[in-house]
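Asker: Read off the chains here:
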Amino acid sequence: MWIPLLVVVGAIAIFGVFVWSLYNGLVTAKIRVAESWSGIDVQLKRRTDLIPNLMETVKGYATHEREVFENVTKARSALLGAGNAKEAASADNMLTGALKSLFAVAEAYPELKASDNFKELQDELSDTETKIAASRQFYNSNVLDFNTKIQVFPNSLIAGTFGFKSAEFFEAGAGEREPVKVKFE
Amino acid sequence: MVPTIYNQIDSNRRKTIVLMIAFSLFIGVVVYVLVRALGYQGLGALSFVGLFLIISGLINLSSYYWSDKLVLGLSGAKPIEKKDNPELFRTVENICIAAGLPLPKIYLIDDPAANAFATGRDPKHAAVAVTNGLLQRLDDLELEGVIAHELSHVKNYDSRLMSIVVVLVGLVAILADVFFRMMWWGRGGSSERRGSGILFLVLGIIAAILAPIVANLIKLAISRRREFLADSSGALITRYPEGLANALIKISADQATLKSANNATAHLYISNPFKGKEAKNWLVRLFSTHPPIEERVAALKAMVVP
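For the record, the sequence lines run as chains V and F. With the first sequence counted from 1, adding 588 to any position gets you my numbering. With the second sequence counted from 1, adding 134 to any position gets you my numbering.
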């Protein structure tokens with residue numbers, strides 16, 4: 589008489605442990621997604637921090653390239669003021685384009701090109717682009733892990749109950765996939 | 135099955151589990167046989183084994199805990215700052231960002247042979263070292279491949295895994311040794327020398343002779359499997375398996391043996407530091423800590439980048 593009762597209690601206990609560990613696994617995966625998203629922000633901030641220095645260096649040699657400077661400043665402000673992921677992505681794209689124009693302009697000033705300060709800033713900015721790409725890749729791998737965990741069976745049955753929703757991969761926006769136009773004055 | 139990076143990673147992890155299960159069963163059987171042959175049973179046997187497990191642990195875990203300092207000291211590695219070698223520093227930084235690892239301590243070894251290694255019991259206490267020879271010979275993408283492989287060893291906790299394996303191999307070696315000493319000096323513990331006693335005596339002798347060798351072979355098989363896993367994990371980080379493949383080809387073409395090559399640390403390097411010993415002989419390969427370069431390159435080139 590006790591055996592069926594034990595079996596039922598045992599089954600409920602096992603199910604409970606399963607749900608408990610699944611929930612914790614999902615929470616962990618979700619936090620990792622959030623953390624790696626802010627990791628991207630850290631690298632973007634690195635880039636915006638480098639720009640004023642870069643502008644000053646270039647301005648020291650190329651005083652008349654007003655339009656290029658304005659474009660860079662505008663794009664930087666847009667990036668700093670971006671409210672959500674979409675705004676950030678398009679502002680980031682604008683900034684990349686403006687920076688490319690800035691570096692193209694610098695080609696015309698041999699003294700600027702030769703200056704150590706400028707070369708160092710160029711290296712730092714190029715490295716920052718790599719770091720942004722690396723942090724995006726890491727973010728995507730966390731999203732992959734989280735989304736897989738909530739979509740496979742039987743997790744999918746339970747994840748919905750707890751309100752877990754798939755995260756978005758960091759994808760290049762439609763604008764970003766087009767080649768960036770570089771303007772030579 | 136398409137040999138994608140993900141499939142290879144999963145396959146390598148599965149094979150590790152199979153090896154670890156086989157290894158544990160093997161250790162269990164051997165220990166049981168040796169302890170029975172020595173005349174111990176039940177709780178007495180457990181405490182007997184426990185004692186030697188602790189001894190093996192103490193002997194081997196000290197090297198595990200200080201593995202980074204040990205290897206770095208043995209190899210003559212010097213720590214570097216960002217300003218000493220900004221390119222190397224940036225490469226390690228960027229791979230760490232892509233892999234989600236904290237930045238390890240970075241070291242440079244003054245040796246013309248091209249090689250690299252990573253140590254550390256977990257990502258927070260890790261170190262990665264490269265030789266001058268490596269930096270000279272490899273281009274950016276190849277260096278990235280190598281660094282990604284080394285950091286994958288850290289990320290996959292290979293140090294920890296191999297330490298557990300080494301402690302168990304040590305246990306078998308110690309028990310075999312104890313067995314032979316007891317045989318020589320007469321039996322200790324409660325001897326139940328009936329029919330089963332003779333059987334276990336014979337099994338014990340066989341085990342004491344063969345087990346240390348077999349345990350070592352399994353340990354080396356596990357080490358080789360973890361090398362494959364580090365290759366595929368590294369490829370997932372860089373998304374460019376050809377980089378590491380080309381680096382391995384270049385490194386293996388370099389015939390000079392690493393000056394500080396040492397049996398205790400050989401398994402940590404990216405490529406067997408004892409050059410010239412990589413023979414085609416299957417027996418030699420069985421005793422190698424690394425898989426043959428051709429197999430590693432073939433596996434990398436087969437990966438279809440997702």
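The set of hints was computed from the structure by calculation and includes no laboratory data. The beta carbon of each residue, even a glycine, is placed where N, CA and C say it ideally should be. Where hints are given, some of them may not hold.
[To be verified] What follows is a list of derived Cβ distance ranges for each label pair:
1. 630(V) x 166(F): 24 to 30 Å
2. 207(F) x 696(V): 51 to 57 Å
3. 213(F) x 740(V): 27 to 33 Å
4. 147(F) x 662(V): 47 to 53 Å
5. 207(F) x 615(V): 40 to 46 Å
6. 622(V) x 213(F): 17 to 23 Å
7. 144(F) x 611(V): 47 to 53 Å
8. 622(V) x 258(F): 42 to 48 Å
9. 259(F) x 606(V): 52 to 58 Å
10. 140(F) x 611(V): 37 to 43 Å
Asker: Given the hint of 47 to 53 Å, is the C-beta distance from residue 147(F) to residue 662(V) inside that range or not?
Answerer: holds, 49 Å
Asker: Go ahead and decide if the range 27 to 33 Å is satisfied by the Cβ distance of residue 213(F) to residue 740(V).
Answerer: The hinted range 27 to 33 Å is violated for residue 213(F) and residue 740(V), with Cβ atoms some 44 Å apart.
Asker: Lying within 42 to 48 Å: is that true of the beta-carbon distance residue 622(V) to residue 258(F)?
Answerer: violated, 21 Å
Asker: Residue 144(F) and residue 611(V), beta-carbon distance inside 47 to 53 Å?
Answerer: violated, 25 Å
Asker: Do residue 622(V) and residue 213(F) keep their Cβ atoms within the hinted range of 17 to 23 Å?
Answerer: Violated, at about 34 Å.
Asker: For the range 24 to 30 Å, tell me whether the beta carbons of residue 630(V) and residue 166(F) fit it or not.
Answerer: violated, 54 Å
Asker: If you check the beta carbons of residue 259(F) and residue 606(V), does the distance land in 52 to 58 Å?
Answerer: The hinted range 52 to 58 Å is violated for residue 259(F) and residue 606(V), with Cβ atoms some 34 Å apart.
Asker: Can you tell me whether the CB distance of residue 207(F) to residue 615(V) sits inside 40 to 46 Å?
Answerer: holds, 42 Å
Asker: Is the hinted range of 37 to 43 Å satisfied by the C-beta distance from residue 140(F) to residue 611(V)?
Answerer: violated, 26 Å
Asker: Range first: 51 to 57 Å. Now tell me if the beta carbons of residue 207(F) and residue 696(V) are that far apart.
Answerer: holds, 53 Å
Of the hints listed earlier, those the structure fails to meet are numbers 1, 3, 6, 7, 8, 9, 10, in rising order.
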